[in-house]
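Participant: As a plain string of letters, each chain reads:
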Amino acid sequence: MTDFDEYGAYESLSLDTDDHRWAFGTGFADPLAGIDVTVPAGVDAAALARQCLALGDDALIYSHRLQQWVTRAPELEEETALANIALDLLGQARMLLTRAGQAEGNGRDEDRLAFFRDEREFRNVRLVERADADFAELTARLLIFSAWRLAVFQALTTNEDPVLAAIAAKAVKELTYHRDYAAGWVIRLGDGTDLSHAKMQAAVETLWPLVGELNLGKEADAALDAVFAAATLTRPSAVPAATVAGKAGRDGTHTEAMGYILAELQSVARAHPDATW
Amino acid sequence: MVTAYEAAAAVPDPELPMVTIADLGILRDVRQDGDTVTVTITPTYSGCPAMREIAADLLRRLERAGYRHVDIATELSPPWTTDWITAEGRRKLAAAGIAPPGRARPAGPVPLTLTRPPVSCPHCGSAATREIAPFSATACKALYQCRECLEPFEYVKEF
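Protein chains in written order, with the numbering used here: chain Y, 1 to 277; chain P, 1 to 159.
Since the hints were made in silico from the structure, they are not lab data.
It is possible that some hints are incorrect.
[Unchecked claim] Reference listing, derived: stretches of chain Y covered by chain P, where coverage requires no fewer than 3 residues with Cβ under 8 Å from a Cβ of chain P:
no., stretch
1, 160-172
2, 223-230
[Stated by the list, open to error] With the C-beta cut set under 7 Å, the calculated list includes, among others, these residues of chain P facing chain Y:
no., residue
3, Tyr45
4, Gly47
5, Ser77
6, Ser126
7, Phe135
8, Phe159
Ideal placement from N, C-alpha and C gives every residue a C-beta, glycine not left out.
Chain P on its own, in the form it takes in the complex:
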């Protein structure tokens, strides 16, 4: 039998289906108490609409794995950071042509920054890239283009 954690960890992110919620660090905890499973997830951004889709998918997958009583809990603190994306998650993102994030800015006063961190092209590895748009198809990504191979690509912003 698949453990409750394994079933929960296999849930793909609705917007980035090449990675799972465990890869992204969205899955915070899976606890089993008798026949009740409590899954704790954390939103990436405050308005992330994928949270409900993820919760629905968790319920279905756990039910298929034989877990009938499942509670989905939200956790807000500490806030999600891209530093929680696992090495495996970063590898999968890069393999899918999405540049993984660098290290997030530490907590504390936030100085005004008008320049973006350097991002390497996930296709050819060149460091010569430019930002096309600071936001992309989802809140967590920006749109870049490689100056060498000219391919546009998405980049998961440090957060």
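Bound conformation, chain Y alone:
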């Protein structure tokens, strides 16, 4: 048997000249390395690229929003949860953006897509752009987003593109845990004190106009209704947020928050596009 303790896995990193750590400029490793990434015959590559880009952008931007809670969450346990959820979504974003670049066929990799596109080229829904006003909004949005994304990915597990189907099958397990974590908080706060109930109801009302853009299916609807009922919350009936000449997030039309997110997300990569360290 080989000696386990002579050097740990992390120690071997310092000896590794080809550093794969996750920071811009350290040399990314392709998250789909070794997988057959040929787009199967009969699959519309352009449509596949658009679909992967939209779902990847949702995950990338929402992950960024969740990461902003790190060092600011009310308790260490919740901070750990939010960081882990953000990490899962970032992993999904990396694979989906990589797949989008492959299907597109113009040689753009995940870095190119994440750091060097302008606001109008992003295809995420507007729900993920908002800055959370409080913990009620944070957990309500996480519930809505996870329940919706879970249903979307469940359907994608049988997609005709085997790579997208595999990414989806993996994500389904993660999203289930995210949804159930968020549901726990929505119920605890919704069915809590008068103050927590009022704040949770207000959070759901605030977010609801952005839900129209998601096209919630039957399953996501049912999951949300079950949580709202357990949380003694009233399902909002707010009208969908206005579009701009019929365009919304999926068309590249975003809220004011999006520019600030991209400024933070992209500034280092854009200022030092060839940086390595």
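Please build the complex by placing chain P on the supplied structure of chain Y, with the hints as guidance.
Facilitator: Below, chain P alone, put in the same frame as chain Y:
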């Protein structure tokens, strides 16, 4: 000479060094074609940052074992499940004070669940435990505490 499989299977998980990637079911395949070895690994969670550390460690250990040409391939399908953790892996986890997972939820529609599966304390065996946090130091674990011996412990979530 150590076989390529033996060298690959000895790689410890960076976050759970008491178990190997073979114990965890992360190591999917080791193939030797002439002097080229292809090692296939699968990520536990989509964002698992340990994948790169594992790949780096695989390259080093195989090189030390005399295998110069090593390719590391990723496999996504079927997705990793805690059901692939071997009996030996579960024993090692429990011996290190980490409760091993129960059986994973089967694929298919996922009903909303607000209760956690029962977890036994890896220290005293009591079934009277409570969840402290649904996530822990790594994505694959949750934090629990035993109501009998009061010890906090980590638990590898069914996945």
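Participant: Are the hints correct? Go through all of them and say.
Facilitator: Here is what the structure says about each hint:
no., hint, result
1, 160-172, "holds (count 9)"
2, 223-230, "holds (count 4)"
3, Tyr45, "6 Å, holds"
4, Gly47, "3 Å, holds"
5, Ser77, "4 Å, holds"
6, Ser126, "22 Å, violated"
7, Phe135, "4 Å, holds"
8, Phe159, "6 Å, holds"
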